[in-house]
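Mind docking chain B on chain A? Use the hints.
Chains as they are written, first to last, in numbering that gives the first Met the number 0: chain A, 0 to 553; chain B, 0 to 137.
Simulated from the structure, these hints should not be mistaken for lab results. Check the hints yourself; a few may be wrong.
[Claimed, not checked] Going by beta-carbon spacing under 7 Å, a handful of chain B positions derived as facing chain A: (1) Glu52; (2) Lys129; (3) Thr131.
Glycine included, each C-beta is placed from N, C-alpha and C at the ideal position.
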Amino acid sequence: MAASALYGVSGFGNWARLAAQQALTQDQLLEFETFGNVSLIHVTDIHAQLKPIYFREPSINLGVGGNKGEVPHLTGAEFRLRYGIADGSPSHYALSSGDFASLAKAYGRVGGLDRVATVINSIRADRPDALLLDGGDTWHGSYTCYHTEGQDMVNVMNALKPDAMTFHWEFTLGSERVQDLVEGLPFAALGQNIFDAEWDEPSELFKPYEWFERGGAKIAVIGQAFPYMPIANPGWMFPEFSFGIRDEHMQAMVDEVRAEGADLVVVLSHNGFDVDKAMAGKVTGIDVILSGHTHDALPEPVQVGQTFIIASGSNGKFVSRVDLDVRDGKMMGLRHKLIPIFSDVIAPDAEIAQLIDAQRAPYEAQLAEVIGKTDSTLFRRGNFNGTWDDLICDALLSERDAEIAMSPGVRWGPSLVPGDDITREDIFNVTSMSYPNAYRTEMTGEFIKVILEDVADNIFNPDPYYQQGGDMVRTGGLGYSIDISKPQGSRISDMTMLATGEAVDPAKTYVVAGWASVNEGTEGPPIWDVVEAHIRKMGTVTVGDNTSVKVTGM
Amino acid sequence: MSITRRDTLALGLGAAALTVLPFRVSAAADDAIAAFTGGADMADSGVELTAPEIAENGNTVPISVSAEGATSILVLAAGNPTPGVAEFKFGELAGSTSASTRMRLAGTQDVIAIAKLADGSFAKASKTVKVTIGGCGG
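The shape of chain A in the complex, shown without the other chains (with noise of 0.2 Å):
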């Protein structure tokens, strides 16, 4: 372990100056001096990654609009000098790209529950009545998770003993699935903005918030799950639930526990960081937003107002902790620390690791099975391509013997480092969804420009409240150009067939293969089934720089 340099620490553009003087222990990873009365602990987008895993940052995330270049859009450089974070140091390793594959050797995994559990358990030894809060996206991502629908990380999170948690992915184990997990739970189940699609009114199922009283501070936590559920994923898998921002309701919410003397309003949520940014700025009278889904992680708070909103990474790779001073029904202070959770440096907590290889043991062996090697960083974070999705559209070119390919911008998947095997695991960890198929079908070009016009305004319309909070389709076959600055219908240019570097035809028809479709009866192989193949027959994988896409009006 080259332990050196530093890790962060709380406060206001210290992070990386005062991390920088550290070395790397836990002591030091743990550190935090215990401030105000009242303290949260919060996990969001673990994607059911129960044990260590590398995570490389995007180095392409573009902000439009009023979000053009501010945080969280930067990456690489950009991000490091906006934090003073060292070249090297193990917070670029933690929280930036670049020189991933490097940093990996040296600073190792990152993430794994039984580590998470060990910070979790030293943040209660200073406050024993912490309050846990899930931002959701927890019971999906894994090849155990899809096996047990959810089952083992529900039994690894309330060991944990969160207080609450929010919702996203949850809802494609079904609608009923759903309905006998949430009711099992041993903690609160929140979204004010989950209604029930036939009366329009709020769901029985979740609570729209939840009272704690801690440090003689009155707290209402309220949840807010991911707003465009049925449209980013199937809804005909949940058609009782409706969801959207709300935001009206949300203000009707805050008002209605300020009246009832909440001390604090803490809203745990589900909308992705630009969402919750916009939000803030309409909504009045929430203290601290605990934002999840677009998977950024910032060592520091963004302040909206009066509003803090903090961003916690994903995969079980950080742990915000947030010490806050309520008084005279006030939130009168602040302290905050992204904790980066190196695997290496936290030690494992005994229970929960025993725990973690429970659900794990009846797979192990389909688990573990070697599918091939590959000689290239494997990563799928980057508002265009990375190279997991790059592989992912080989396989389904050669395997479904298409001309185009289309692989969704989900944020969620591993990375591996070259020389890695590539195990039926990891291969899981890209592709694990409960609608995988990979069809096969035909597409004319006019229809595909629709398509990359309409997911490209979902990325970069400059209202956030039209955002979902993904990234591009990924293509295979097929280059284009997109200026982002463009409004929907005329950012994408240039459609070429990278196989002859022909102009797509709008009036040609294309045989396209794609996976996760929304549509309901969507048939073909399961998308792991198809990269195992196409992994199988190459060995060992390569995978170039990806020029397809041409970017402009950033």
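Then chain B, alone, in the frame of chain A:
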């Protein structure tokens, strides 16, 4: 590249015939507004229109309107071929001047609500409701 037909042909992304551009305000919508207001000016506040930013299902989009002291509220889907959705009329004994309904939207467009107030003046609110193919969310 030779294309062989495999046995599993499948549905792709949204089979719906969406178009690239948002639907523009139709001439019929302008006509309906003129007929309702008689060409009078409309205030920008005084009517509340609640609609989703992105429709979960373009075939049945829930909206609600309210305007204190309104005698009637006209609701239009400005881009639909037939823009008229509803006209709610409130009598003097109406307990509340609010109403809700569901509408079908042919594509991304503005939903417009115009209230006629007791003093004969008009107020207007509009909101863009996006209809999208979906999928690909993070």
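Results of checking the hints against the structure:
Given hint, Glu52/B at the interface with chain A, holds; its Cβ is 5 Å from that chain's nearest Cβ, closer than 7 Å. Because the beta carbon of Lys129/B sits about 6 Å from the nearest beta carbon in chain A, less than 7 Å, this interface hint is met. Because the smallest distance between the Cβ of Thr131/B and any Cβ of chain A comes to about 6 Å, under 7 Å, the interface hint for this residue holds.
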